[in-house]
Amino acid sequence: MSNVRSTSIMGREFGDRVVLALVIIFALIMLAPVLWVIGLSLKANAELMADTNSVFRTPYTVMNYFNILANSSVFRWILNSLIVSTGLTIGTLVLCSLAGYGFARLNFPGRDILFVVVLLGLAVPEQAVLIARHQIFGILKLHNTYQGLILPGLSAPFGVFLMTQYFRAIPKELDEAALLDNASRFKIFWKVLLPLTVPAQATLGIFTFLWSWNDYFWPLISGTKNTMFTLTVGMASTQTNFAQSEGLGFLMAQAIFAGAPILVLYLFFQKYIVTAVSGAAVR
Amino acid sequence: MTAHIEIKDVVKRFGAATVIDHLSLSIDPNEFMVFLGPSGCGKSTLLRMIAGLESVDEGTISINGQRIDNLPPGQRDIAMVFQSYALYPHMTVADNMAFGLRNIGVAADVISARVAEAGRMLEIGHLLERKPGQLSGGQRQRVAIGRAIVKEPKAFLFDEPLSNLDAALRVRTRVELAQLRHRVKSTMIFVTHDQIEAMTLADRIVVMNNRKIEQIGTPMEIYSRPATRFVATFVGSPTMNFVPVRVAGGETGGATVTLGDGTQVKTAIPAMKLDPGNFTLGIRAEAVRVVADGQGVTTGTVDVLERLGERTLVYTKLKDGSVIVAEDIGYSRVAVNDTVSLSIDGSRVHLFDTSDRAWHCEEGING
Numbered sequence: 012m013s014n015v016r017s018t019s020i021m022g023r024e025f026g027d028r029v030v031l032a033l034v035i036i037f038a039l040i041m042l043a044p045v046l047w048v049i050g051l052s053l054k055a056n057a058e059l060m061a062d063t064n065s066v067f068r069t070p071y072t073v074m075n076y077f078n079i080l081a082n083s084s085v086f087r088w089i090l091n092s093l094i095v096s097t098g099l100t101i102g103t104l105v106l107c108s109l110a111g112y113g114f115a116r117l118n119f120p121g122r123d124i125l126f127v128v129v130l131l132g133l134a135v136p137e138q139a140v141l142i143a144r145h146q147i148f149g150i151l152k153l154h155n156t157y158q159g160l161i162l163p164g165l166s167a168p169f170g171v172f173l174m175t176q177y178f179r180a181i182p183k184e185l186d187e188a189a190l191l192d193n194a195s196r197f198k199i200f201w202k203v204l205l206p207l208t209v210p211a212q213a214t215l216g217i218f219t220f221l222w223s224w225n226d227y228f229w230p231l232i233s234g235t236k237n238t239m240f241t242l243t244v245g246m247a248s249t250q251t252n253f254a255q256s257e258g259l260g261f262l263m264a265q266a267i268f269a270g271a272p273i274l275v276l277y278l279f280f281q282k283y284i285v286t287a288v289s290g291a292a293v294r
Numbered sequence: 253m254t255a256h257i258e259i260k261d262v263v264k265r266f267g268a269a270t271v272i273d274h275l276s277l278s279i280d281p282n283e284f285m286v287f288l289g290p291s292g293c294g295k296s297t298l299l300r301m302i303a304g305l306e307s308v309d310e311g312t313i314s315i316n317g318q319r320i321d322n323l324p325p326g327q328r329d330i331a332m333v334f335q336s337y338a339l340y341p342h343m344t345v346a347d348n349m350a351f352g353l354r355n356i357g358v359a360a361d362v363i364s365a366r367v368a369e370a371g372r373m374l375e376i377g378h379l380l381e382r383k384p385g386q387l388s389g390g391q392r393q394r395v396a397i398g399r400a401i402v403k404e405p406k407a408f409l410f411d412e413p414l415s416n417l418d419a420a421l422r423v424r425t426r427v428e429l430a431q432l433r434h435r436v437k438s439t440m441i442f443v444t445h446d447q448i449e450a451m452t453l454a455d456r457i458v459v460m461n462n463r464k465i466e467q468i469g470t471p472m473e474i475y476s477r478p479a480t481r482f483v484a485t486f487v488g489s490p491t492m493n494f495v496p497v498r499v500a501g502g503e504t505g506g507a508t509v510t511l512g513d514g515t516q517v518k519t520a521i522p523a524m525k526l527d528p529g530n531f532t533l534g535i536r537a538e539a540v541r542v543v544a545d546g547q548g549v550t551t552g553t554v555d556v557l558e559r560l561g562e563r564t565l566v567y568t569k570l571k572d573g574s575v576i577v578a579e580d581i582g583y584s585r586v587a588v589n590d591t592v593s594l595s596i597d598g599s600r601v602h603l604f605d606t607s608d609r610a611w612h613c614e615e616g617i618n619g
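Just so you know, the protein sequences line up as chains A and B, in that order. Residues in the first sequence are numbered from 12 upward in steps of one, following my numbering. Residues in the second sequence are numbered from 253 upward in steps of one, following my numbering.
These are calculated hints, taken from the structure and not from any lab test. All residues carry an ideal CB built from backbone N, CA and C; glycine is no exception. Heads up, a few of these hints could be off.
Derived list of chain A stretches under chain B, where covered just means 3 residues or more per stretch with a C-beta under 8 Å from a C-beta of chain B [to be verified]:
(1) 179-190
(2) 193-202
Pairs of lysine-lysine, PhoX-like flavour, derived with a Cα cap of 25 Å [claimed, not checked]:
(3) A:K198 x A:K183
(4) A:K183 x B:K383
(5) A:K202 x B:K383
When you get a sec, could you build the whole thing from the sequences and use the hints?
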């Protein structure tokens, strides 16, 4: 019996080791491009022009990072991205929470049809409405403004769907207990239900922020002035020569600089991101 | 502060389905009233109508003479304990209890005092800063009751509050509820499908079935003088025995009934009230005893034995195939397949006619 057990434990340990080795290999594969970018950012542009394999040799330099601080508009672009992403995230959370509560808890004529109409928004690609939206924003003089960059993203059918499902999953007895506790409808929403949706809010907030931070298409069209570039558009605008052959180190330093906030966001909210990705949020 | 609750001719419909059908009921001040019935009989719906969580389609509900069915739930001065407890998961125990009081603008020091007093009364004072997720089922139950108590309402409504507890905790909480009702002088309405809860807690029981009230009475009235066959079936464990019998008629005094196997049983049910014909005889197990051979009115073969400790239930098959559950002492010597002699206490039997109307001993017709 003990032999069987020790064999089983040995087998499991061996299996664990194989899994660990595979995980390390896959992690290195995933990490390799990041390490490559970091390496390139620490090399002088001239050296990389001669041979990109110089990344494996000394000397290394932080001049590219100093150049960002001294010469680039990257701080402005980061600020723009922060304003747009934060504004969009807050706006999306507010609107989707209200809509989700409405669809989940309020009875009004046409509710179910309206919900389907909202969900149909998921099926409409951004490109299909681009020209009309560009014209409307042009007429309203919203191009090259923060409102112009934020407003289109506020129509978030996925967010409405997510929050609706989350509100529906909260037992109605809580509403009823609060009603008997003399709470108004808004108080029930604000004090009882909304705090319970924090996991869904975090999931939606992170996804919205990441999507907005990485968005390139609409900011490229709406924000045409250098001072209104978001980070993605701004970085693309610095690529002035073929394949970035003359400023590769500088570009990579900018990429690291731009990615840092997102990395911090991942580190702080990784629990919610994992939950969101695994689809377990709406439970 | 207590409530006299008057329910007059109320009707509740969900779409085309009528779930409460012209029901009237009066609940006295300080009374502990239990709504008892199977799932879907409408008892929880009726409770929710009193609470204001369901609208009243017809009829009225009043508390102390004031009509309340048109008031929102928070203005009816009643508190409710839900089956799922419905505690606010993100609030501490103290905040759960204080939430309702804050909403009506009660002063902070009064709230603190009431919460502390409820915590002391329910022995949850040391849990006030915890959140519901950190509590056991029994503790959550106490918090839910505490949340109701601090409001000092005119009436308490309990919607199957013990059904989520395990068996041992359910018994303990039941006893505590019985103690609580003497400390908190208020009208209480308790919904359950558990007849033991109903029998042990109630001043009066409302037995409901199929959208209607079958009987209202004290626990012993319900048990010993069931108004209908449904009540007789639903209340009591084991279920009352039902045996088809024939009443010959032409007698004075107690009626004699003839069982399927030809056995005649002299009952204390007045014969003059009964029309001759077919009836169903209802006998609780404790009225059918296993006795020494030859001393009973009939015999049967033991099918199953249930030893409950202080007594033994003997499932006996009579000659005509009908089964009667009889009682014997805890240390019964009876074994399966034995032939046993059974005595039937004719003063504790009931007759049900073909329309399910019940006939009892002494006072005659009931129901």
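Now for the hints, and whether the structure bears them out:
no. : hint            : in the structure
1   : 179-190         : holds (count 7)
2   : 193-202         : holds (count 4)
3   : A:K198 x A:K183 : 15 Å, holds
4   : A:K183 x B:K383 : 19 Å, holds
5   : A:K202 x B:K383 : 15 Å, holds
In the structure shown, no violation is registered for any of the earlier numbered hints.
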